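K.L.:
Assembling the complex is the task here: the two chains are given apart, and the hints tell you how they should meet.
If you read the sequences in order, they're chains A and B.
Note that the first sequence covers residues 1 to 231 in the working numbering.
Note that the second sequence covers residues 1001 to 1495 in the working numbering.
In short, the hints are calculated from the structure, not lab data.
Some clues are possibly wrong.
Straight-line C-alpha distance at most 30 Å; calculated DSBU-like pairs for lysine-lysine [what the hints assert, rightly or not]: (1) K1474(B) <-> K61(A); (2) K128(A) <-> K1233(B); (3) K127(A) <-> K1164(B); (4) K1008(B) <-> K1279(B); (5) K1474(B) <-> K103(A); (6) K128(A) <-> K1279(B); (7) K1111(B) <-> K1233(B); (8) K1233(B) <-> K127(A); (9) K1353(B) <-> K61(A); (10) K103(A) <-> K1349(B); (11) K1474(B) <-> K135(A); (12) K135(A) <-> K1279(B); (13) K127(A) <-> K114(A); (14) K1474(B) <-> K1353(B); (15) K1008(B) <-> K1164(B); (16) K1282(B) <-> K128(A); (17) K223(A) <-> K61(A); (18) K210(A) <-> K61(A); (19) K1282(B) <-> K127(A); (20) K127(A) <-> K1279(B); (21) K128(A) <-> K1201(B); (22) K1279(B) <-> K1201(B); (23) K103(A) <-> K1353(B); (24) K1201(B) <-> K1050(B); (25) K61(A) <-> K135(A); (26) K1233(B) <-> K1164(B); (27) K1233(B) <-> K1008(B); (28) K61(A) <-> K1349(B); (29) K1100(B) <-> K1111(B).
The structure presented is a predicted model; accordingly, all values stated were derived computationally and were not measured.
In case you want the letters, here they are:
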Amino acid sequence: MITISNLTKKYNGTTVLDIPALNIQPGESFGLVGNNGAGKTTLFRLILDLIEANSGEVTIKNQPVARRDEWKSYVGSFLDENFLIDFLTPDEYFAFVGKLYNKSEGDISAFLEKFSEFFNGEVTGNKKLIRELSKGNQKKTGIAAALLGDPQILILDEPFTALDPSSQIRLKRILNELQETKNTTMLISSHDLNHVTEVCKRTVVLEKGKVVRDIATSDDTLKELESYFAV
Amino acid sequence: MLIADLLKQEFRKGFRSQAFYRGLAVKLFMGFMTLYFAAIFITIGFSLGKILEEVHDTRTPLELINGASVYIILAALTIRFFMQSLNTLNLQAYQSLPVKRSTLVNFILLKPLFSIGNYLTLLVVIPFAVRSVSAWHSGWVALQFVVVCILIIWMDIWLASYLKRRFGSDLRAFVVILLILAGVAALEYFKVFSVFGFSMKIFGFVMMNPLGLVVALLVSGMAYGLNLMFFSKNYYPEKFNEKLSRGENKVTGGFSFLEKYGTIGELIQLQIRLIFRHKRTKSLIYMSAVFMLYGLLFYTNEMYSGSPAWLIFCGLIVTGMASLTYGQWVISWESNYFDAILTKNIPAKTYIKVNYFILIAFNVISFLLSTPYLLMGTKFFFLHVAMFLFNTGINAFLLIFTATFNNKRIDLSARSMFNYQGTTYKSFLIILPVMFFPMLITFILANFLSFNMILLVLGLLGLSGVVSIPYQMKLCTQQFVRRKYALAEGFRESE
Chain A
1 MITISNLTKK YNGTTVLDIP ALNIQPGESF GLVGNNGAGK TTLFRLILDL IEANSGEVTI
61 KNQPVARRDE WKSYVGSFLD ENFLIDFLTP DEYFAFVGKL YNKSEGDISA FLEKFSEFFN
121 GEVTGNKKLI RELSKGNQKK TGIAAALLGD PQILILDEPF TALDPSSQIR LKRILNELQE
181 TKNTTMLISS HDLNHVTEVC KRTVVLEKGK VVRDIATSDD TLKELESYFA V
Chain B
1001 MLIADLLKQE FRKGFRSQAF YRGLAVKLFM GFMTLYFAAI FITIGFSLGK ILEEVHDTRT
1061 PLELINGASV YIILAALTIR FFMQSLNTLN LQAYQSLPVK RSTLVNFILL KPLFSIGNYL
1121 TLLVVIPFAV RSVSAWHSGW VALQFVVVCI LIIWMDIWLA SYLKRRFGSD LRAFVVILLI
1181 LAGVAALEYF KVFSVFGFSM KIFGFVMMNP LGLVVALLVS GMAYGLNLMF FSKNYYPEKF
1241 NEKLSRGENK VTGGFSFLEK YGTIGELIQL QIRLIFRHKR TKSLIYMSAV FMLYGLLFYT
1301 NEMYSGSPAW LIFCGLIVTG MASLTYGQWV ISWESNYFDA ILTKNIPAKT YIKVNYFILI
1361 AFNVISFLLS TPYLLMGTKF FFLHVAMFLF NTGINAFLLI FTATFNNKRI DLSARSMFNY
1421 QGTTYKSFLI ILPVMFFPML ITFILANFLS FNMILLVLGL LGLSGVVSIP YQMKLCTQQF
1481 VRRKYALAEG FRESE
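This is chain B alone, in the form it adopts within the complex (with noise of 0.2 Å):
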């Protein structure tokens, strides 16, 4: 069957593609996090019957699962939308062979299903269907449970597809999807209508009615039927691909303004751009987004509040997620042009210092945005206070300066989510010790120091940093200059 030889064709493009021989650690390192994160649903799936039952008397915990549904699913979705990369093909390839148009399509379609990361809630739900259901309902409703969350599973892959090859990805987008689960989450909140019973009810048919199963099966059906409909439609093989790289030209013209100061403005506009035409740059600041909220989750949970390297350590998330995650992979941004930027007339001295601006830019914004939390308390804004400084005085020097050992090549025009392009040892080396030393430092210093003074030993730290920032670019100049050449021969390898 031809469907199963393309499947054969990727799975082969998998193993062949030099990305799949990158360095051993980080292979162990990406290996150990998946196991890391499997034991931990598996321990949540096994016990989130125990904690289910001790929240409510009355229902089992799967009508406590099955009101929670619509939640679930659309957060599930929305997660799909902003992660799933869409799955595309090699088509110029395929085009020219006597492949029927649908078959292509099917393949595209059906691609994702044998991808087992797609699978990852099934370590929730199995531990749970056993454990739990079985014990509560039977064996039966346990098996049917199973079998529904994996058409649902399905459903939510071809419908966020369906949504994404549909509407682009663009910002807007995100904020409708916010609007309607914060509307959802408002009805039920001021009691006008209530979605968990609603979805109770709907969902106790579709788990434990045996026709259930049957309009389980319809639903994702369906959701398959959309995406058909849609190539129908689109009738072009290149709309298959399209979409994404549609629309990202309005976003940077409004920065325009900087070209006013010389080569330094001109090559900040130019990593704006990079930024926002690009789907992993894009993605990166929307999760950053997303983090600056954790403080919400561990300012008012007490088992964080109460410890202050916790506290350091959501500070340094909240108030420096960006430049973070954008300053791991500064200077291999730009490896596509690599090239250009030696050649150009671009003193190193200039290129430092645009990334120096760009990383703390990132920081003075991330601060701004985190002024709400004043709110919670003028113990968070000192927190922040004193986390800015040291993300800007420290970190950005420390991503700056092993940025220059990171020679691994960054195709932005690949685009996918989890495209880890230019991640080796290298990079968890430069990003853990960031992300870890000011909580190490804090849970030393609590020993003999309140929290105040940990924040005004890391705001002083961090403040000599930032006195000394010329200092700072001047060694990384150097250290830029003694490097480029490693750095330009690593980039110009393409994977």
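Next comes chain A alone, as it looks inside the complex (with noise of 0.2 Å):
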């Protein structure tokens, strides 16, 4: 689904990230974890065609994603809250993202309603601004509208943070629902150790922006990472 070769990006001459090969299967749950300043971000943001590589390329469906605009209409994501736009309310938010991916009205609240239990009542339906709501709820905003569009691979940076604990429950149970359901390619960020291996399949830890670790999701892989990461 996702291939990445050679991949590397440079910042005032220091490379933050060096990637020679890395691939993932369509379906695949693919958890990124890492320190800060690991090149998390940076790898979501060049998969995303955010920021140019230095040199390499990522290709998905075999098409560069650099530039284009095809793979747009079925990778849904939320890095940050640049993903969202602070002067609409939620409604008026989903609403222009999911005409975006051509879904009807209809199409729209079937979907939110499908995450109300999730939005807690403090997300629709509501007068607020975006700007105006707490980064939990605006986490939530974004994270739902990524998949507003019913999108083939998910791409989602550290999306247990800001969360409560129920709400990070409800979304690890809506990340596992899609994988069964839809089968979901997903990219998933986290500095939690445990959310990752609870949603993600496949674990791979970054470093100074090299892969160190790529292992298969087992019971074991908690304790690896835990004492991978321990100083």
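P.N.:
Structure (structure tokens):
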């Protein structure tokens, strides 16, 4: 599904990402862990063509992503608040995003219905603008919008931070369901090793821009990761 | 004293903000403009006495100024009401500290008095007082005149911020104020009641009688009191910063018909919402509406209406102010959610098309609104047609193409009229040629062509641009795709 080859990214001469080869299969749930500055967000931004690689390329369905539009119709993503339009209400934002993916109003409200538990009554049906929402509710808005277009590939950066415990559990349930029912390919980064091992079948550890571990999740994965990160 | 500490912190905030270290070129340009206007003001101040002496034989210049005072104050209040940003304070940081509420309120109200920009009028007032008032009356009156002017400035500041806090800054207030001004002017014009004479008496007392000083003090004290009252009624500190954000959801509901037009319609609706939900973009539209009246000034004045280059300039402003000012920061307006633009299902081509559509829509609306100038002569109508074509065919392209170089983030939620975020030397590089290029062409062509022929040339240039819009869009799309990484990176850097 996603193929990365010889990908490097440098800022002011220092290499922040260097991945010779990485393949992500259709339907795979791919977890990305690493300390601050390991290059997780950089990798996601490269996949989403938000920054330019110094060398190498990312292809999705054998098509390079750089400077193209085709992949946008089936990739859903939420990295940070720059993906939100802060002067809209969540409802307006969902309507906007939904229309971009050719969803009818009925589709959109049916979709949001499924999220009502996750939203906990604080996101939709409110007159509040997105910029007036709490960080957690902003995050929920962004995640839901990323899923709105029925993406074949879903990319989320730190989806669990800023969420309350119940919402974290609900989000995990939603993600697991998507894997089972829609076979969505997922790329999820997190600081929290627990969450990643619960949601992802494959876990990759980044350190200083390099892939240092690439593990298929098993019962021992959490221990292995914990011992890796232990100082 | 606490207020002094708070003021010091505000100064630091100014000096340490990123905006302060904005490009040298911008600073130089701003500095140059400031000097330029200061020079103009001082010159006006020195010559005002002479000018007024010629206006009327029996009244002294100061008396004439007194008569006009009501108008001047009302006008200043109106301008302030729309331009002055409410003074706010990062409250959260102070709320938890043991600072008294009244200290905070006093600080918010006193802060604007320490901003030099508010005293620009004095550049006119002081030379006038020194040169004319002291000669006609006495040095004492001149001094009192200056002091009262300062008090009036204070009163204006406080009254404007009170009105703003009380009523917000919605369109209705704009209309009401215009009506009041028109009403006062009408009373004067039809000789029902001479506001001028009334004002002359009142301000004659305030400016010349020592007791008048007390009156001025009392009145500006009352304006201050009004604010205090407002704050005591609206106890909770959120109110300090509120008001502006209210009542903005209504305006944009009427555009839902755009939803029928798929992605393009959605994106257009989004930009309309952007415009009407932010102070900066809204005031930009109001200002453009005001600039549409520029023609009344230029077309009736011999000096300008006789000069083809000035006429062209004015035509450009009347039919294009909105698209020129909005277009100057097109793309940058959306810097807050630019990553969404790049990753959601929005083809680059569509995105460019939308921006074209918006600018062209501005041009069409401005042109339609300018048609009443037909009453002043067909000459102006043709001028507007030509400039409309020029704006649409050529300037829209220049603005959108060059917008891809402006990668400074604009954070629209920071509400301020004089918010120059996103202004770099690049914006001047763009806007100056766009404004003055047609003037330059005209200036040259005027040597061997009649005005109508010049209009024809400019109109045809514009028309050929309009015809080639599909091709222009292709160029802009390529350019946008080439520059999108630099844009996205710049927009992610917040000030």
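K.L.:
Where does the structure disagree with the numbered hints, that is, which hint numbers, in rising order?
P.N.:
Violated hints: 11, 17, 21, 22 and 25; rest satisfied.
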